[in-house]
Amino acid sequence: AQKITQTQPGMFVQEKEAVTLDCTYDTSDQSYGLFWYKQPSSGEMIFLIYQGSYDEQNATEGRYSLNFQKARKSANLVISASQLGDSAMYFCAMREGPPRFYFGTGTSLTVIP
Amino acid sequence: NAGVTQTPKFQVLKTGQSMTLQCAQDMNHEYMSWYRQDPGMGLRLIHYSVGAGITDQGEVPNGYNVSRSTTEDFPLRLLSAAPSQTSVYFCASSPRTRARGEQFFGPGTRLTVL
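If you read the sequences in order, they're chains C and W. In terms of our numbering, the first sequence has 1269 at position 12, counting the first letter as 1, and numbering is strictly consecutive. In terms of our numbering, the second sequence has 53 at position 52, counting the first letter as 1, and numbering is strictly consecutive.
Rather than coming from a laboratory, the hints here were simulated on the basis of the structure. Certain hints may be false.
If you want the footprint, here are the derived chain W segments under chain C, 3+ residues with CB under 8 Å [what the hints assert, rightly or not]: (1) 36–43; (2) 46–57; (3) 72–86; (4) 102–114.
Selected chain C positions facing chain W (in silico; Cβ < 10 Å) [unchecked claim]: (5) Tyr1282; (6) Gly1290; (7) Gly1300; (8) Tyr1307; (9) Arg1352; (10) Thr1362.
From a predicted model like this one, the values you see are computed outputs, not experimental measurements. Note that CB positions come from ideal geometry on N, CA and C, so glycine has one too.
Extracted from the complex, chain C is given alone in its bound form (with noise of 0.2 Å):
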């Protein structure tokens, strides 16, 4: 079973929108971390947002914010008040058992003006 999943493999979405990127992940432990990275074209990978397992409240950095829903085992990114600059690629992690990390395969988001 894959443990990490994004299920869109291209977005779109205006400018200034919002846009939420899903990722759900399975795992039978109780501690976790989940992470965010985004790859632009230039190929760098940067770490966006984390969010523990035991972290209750929803873990946000500027625009991001990610939408973490345990028990459905989700943990979706929102980007708010999208910009050009947010065209890329975004990868959903998962660290299980340090230091072991798991990414999904990718969703491709286009910002258009």
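Using the hints, position chain W against chain C.
Structure of chain W alone, referenced to chain C:
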């Protein structure tokens, strides 16, 4: 701090050749990992290390060797390159922690095997 560095940035090999991809980090991180990224498949773990002298296999280890003699360095060796190993390779490091502990990535090595 340089963070995570990888060399070379680009490499072209012929089938059957061997080579080593270099990775170094200056953040004193215990954990280091190698991934390959192929279109539509995300990042797949090749090998990882939890400290000097300790390595383990990831999801796609065949055809690759690693060793970790120091905390800083984690080279990846291709024993006999095959076209199926054409990919972008990322090295990453992270601290030993149960808190955030995100991985820091190198810039990647784009490898083509002819």
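Comparing the hints with the structure gives:
{"no.": "1", "hint": "36–43", "in the structure": "holds (count 4)"}
{"no.": "2", "hint": "46–57", "in the structure": "holds (count 3)"}
{"no.": "3", "hint": "72–86", "in the structure": "violated (count 0)"}
{"no.": "4", "hint": "102–114", "in the structure": "holds (count 7)"}
{"no.": "5", "hint": "Tyr1282", "in the structure": "13 Å, violated"}
{"no.": "6", "hint": "Gly1290", "in the structure": "7 Å, holds"}
{"no.": "7", "hint": "Gly1300", "in the structure": "6 Å, holds"}
{"no.": "8", "hint": "Tyr1307", "in the structure": "5 Å, holds"}
{"no.": "9", "hint": "Arg1352", "in the structure": "7 Å, holds"}
{"no.": "10", "hint": "Thr1362", "in the structure": "4 Å, holds"}
Hints 3 and 5 from the list above are not met by this structure, while the remaining hints are.
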